[in-house]
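Peer 1: Residue-level listing of the chains:
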Amino acid sequence: MKKKVLLMGNHDTGSGKTSMRSIIFSNNLASATSRFGATIDVEMNHVRFLGSLVLNLWDCGGQETFLDSYLASQRNTIFRDVGVLIYVFDVETRDFERDISYYIECLDACRKNSPEADIFVLIHKMDLVTGGKRERTRAFELKKRELDKYSGSTPIKMFGTSIWDETLYKAWSRIVHTLIPNAPLLSSHLTSFAKICSAIEIVLFERTTFLIIARSGTSTGDLDDVIPPEAGPDSDPNVINPERFEKVSQLIKAFKVSCSRMQEQFHSMEIRFPNYTAVLELMTTNTYVMAIVADPNVQTATLRLNIRLARERFEELQAGSAG
Amino acid sequence: SAKSLAGSKDPHRRKILVLGLRRAGKTAIQEVVFHGMSPRDTFFIEPTFRVSKEDVNTIIPLQLWDCPGGMPVENLDVLLDAFSTLVFVIDIQDEYSHAISKLVHLMAMVYTVHPLINIEVFVHKAESMSEDYKIDNFRQLQERVYDETIDHPLPLENLQITFHLTSVYDHTIYEAWSRVIQKLIPPLAALENLLNVLCSNSGLSKAFLFDIKTLTHVAADESPPDATTYGLCCEYIQTLLQFSNLYKYPQSSRTHQPLPPPQLTSTHTPSSSIPARKGTQPLSIPNSKTSRPPPANSTHSSAPSTLSNTSVDLDPADSRVWSTSSVRLKPQTTLAYWEITNQLSLVALIRSETYEASQGLIDYNVTFFRKAIHRIVDIEKAKWPSGD
Ligand SMILES: Nc1nc2c(ncn2[C@@H]2O[C@H](COP(=O)(O)OP(=O)(O)OP(=O)(O)O)[C@@H](O)[C@H]2O)c(=O)[nH]1
Ligand SMILES: Nc1nc2c(ncn2[C@@H]2O[C@H](COP(=O)(O)OP(=O)(O)O)[C@@H](O)[C@H]2O)c(=O)[nH]1
Ligand SMILES: [Mg+2]
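Chain order of the listed sequences is Z and E.
Just so we're aligned, residue 20 is where the first sequence starts under the working numbering, counting upward by one.
Just so we're aligned, residue -2 is where the second sequence starts under the working numbering, counting upward by one.
Treat the hints as calculated values from the structure; they're not laboratory data.
Please note: incorrect hints may appear among the correct ones.
[Stated by the list, open to error] Rough simulated footprint, nothing fancy, chain E against chain Z, three-plus residues with beta-carbon under 8 Å:
1) 270 to 282
2) 289 to 297
3) 302 to 309
Quick reminder that beta carbons are idealized off the backbone N, C-alpha and C, glycines included.
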């Protein structure tokens, strides 16, 4: 299955589209992105995701001359057959009004040419907002409220992002999630698998991007459902980090890049902390699985064996998930 | 130098003086290594206006003196012979002749009062240069320092000076601090020896004993060091530390035992020799893939607690569950991690074949290694003034 993904945004200095794309899909480190030059016109990339899903990424250079031409002569080529539109704002933009006017036009063009498209807005470079988490939330809400005025009836999902932390993985996991039709089924299987393994939770990541595909829990497949930790009756729900999934994505992805500098590839990992055990292993050809276990009597070897035994079943399920 | 230190308040705390021109990166270096500041945030560090002294407890107690850029050492309220080490930071991206004359001037001052001081030159901010250009520059700078010391009326070339290429943006800054601190660790030979024995008995190809708070390595085995390996081990530890914060489930009661107070056994043991391994078996299990380790430790995680039951003295090294981890790389290497004390961790590279065939044996050997390290640390601690 092929999906066209448009990456847009307007700015003269670079809002970070190319940086994001290269970190998620090309194993670049955030620190390497300062070397990128401006994107000229449209750069097209085909990336394979979960084996059979092909994302056709259209990275659209953000200078005004380009935008003007996307909206005029190139209008039909650009906005036809769009699966997902990702519109990126620089949180530090000097002229939000002007950015918004381009946004409205692109939104309009996309809706007319591809009414089915999912639309995401990213308020990017959030790390530049000083004053901590509260200030960042405030800055984000301010921009969101302004943009919501123009969203019309179609729901538009907005995220604050930065290449320097896990928010990038959070947003992109939500984006690709819309492209995986049977994610709820995967989740329910992960939930039963977690029971078999005595695991607190089990998460499935896409192999190359390390984006989150699905996870165990009493969820409907929506990644944002909260699952209660099952660590015991007296455990404080606050001790479990709500951003843990995207943090793992970010951590392991960066560590994988470090490993490849040694002429070796990251393959699997196990950790035994005094209070929990984690195993990260290939599940299928295109996914990694992470199992978290609090019971100190569960051996990592047992977990690995269970994963091996579940492999075939998940291979089948996942083949269905990429359509 | 011991004599001149006798009068000072805390004679066991080795003092390190950090000097250099303005904006050379002195404060940034210390923030990144000793406080875990992210390199990007060093951009916002304010200039230093006053000398700041900070106690840092690695395997030995240190005190860092951060000075304002270009401050004349005459302004310090102590004599130069109070310091074990002088770290001099030079910005490689800047025009450095002024820094070099400063350095040589300092060397001349030091020569008369404290010729045994370790002089450590950090040639800093090297990350943005190409590899060849960086090495050329580094060599040139060293030659210029050397030329000026030769021309100097005093025999400055007799001073102990070491150059390090550093940057806060990669592991080189941790490597440099490791080298600086290692020179001050009295039982370094004993630590290295333990690592060598462990490597040869367990088939490890490289092992580092890390101070996890600072990411410096306290000691390494004798196999030739290699920058990529060390950098990867640093990132492995950083990854584990961040990972450990994600799930804060309460510890199960079985593993939740308070650490008994350290046993201060023989305060008379000379620090340079390996402490007696009374009551423990030495690390002398032959390294053969087919031989099985003596205790039944197929469930390797329970090995420490099994041992504490049989052991005569309740060693603090046995009384809790220590974190372990391993990462399998392809094609052939495994990275392995063992928590050794609350502050020290062992990270090793092993051929995956060896690791898979003898994981139990290796874990078993590590428990002895851990005991030996606990002894050394306790003996060192006993020498610190109480209250440290
Ligand atoms: N501080 C900060 N800088 C970022 C972030 N993302 C990207 N940048 C920087 O912003 C600059 C521009 O990023 P690019 O990825 O080239 O932007 P772009 O959207 O492709 O720009 P065009 O080529 O004009 O399309 C680079 O120097 C990046 O390092 C972020 O999250 N925070
Ligand atoms: N490029 C680069 N800049 C660095 C490095 N270390 C520090 N800096 C920068 O150098 C500047 C001065 O650093 P600071 O620690 O305040 O220097 P000080 O005046 O000597 O104390 C800051 O902007 C730091 O971000 C480095 O390794 N590379
Ligand atoms: Mg300073």
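Peer 1: Would you mind marking each hint as holding or not holding in the structure?
Peer 2: Verification of the supplied hints:
| no. | hint | result |
| --- | --- | --- |
| 1 | 270 to 282 | holds (count 8) |
| 2 | 289 to 297 | holds (count 8) |
| 3 | 302 to 309 | violated (count 0) |
Hint violations for this structure: number 3 only, all remaining hints satisfied.
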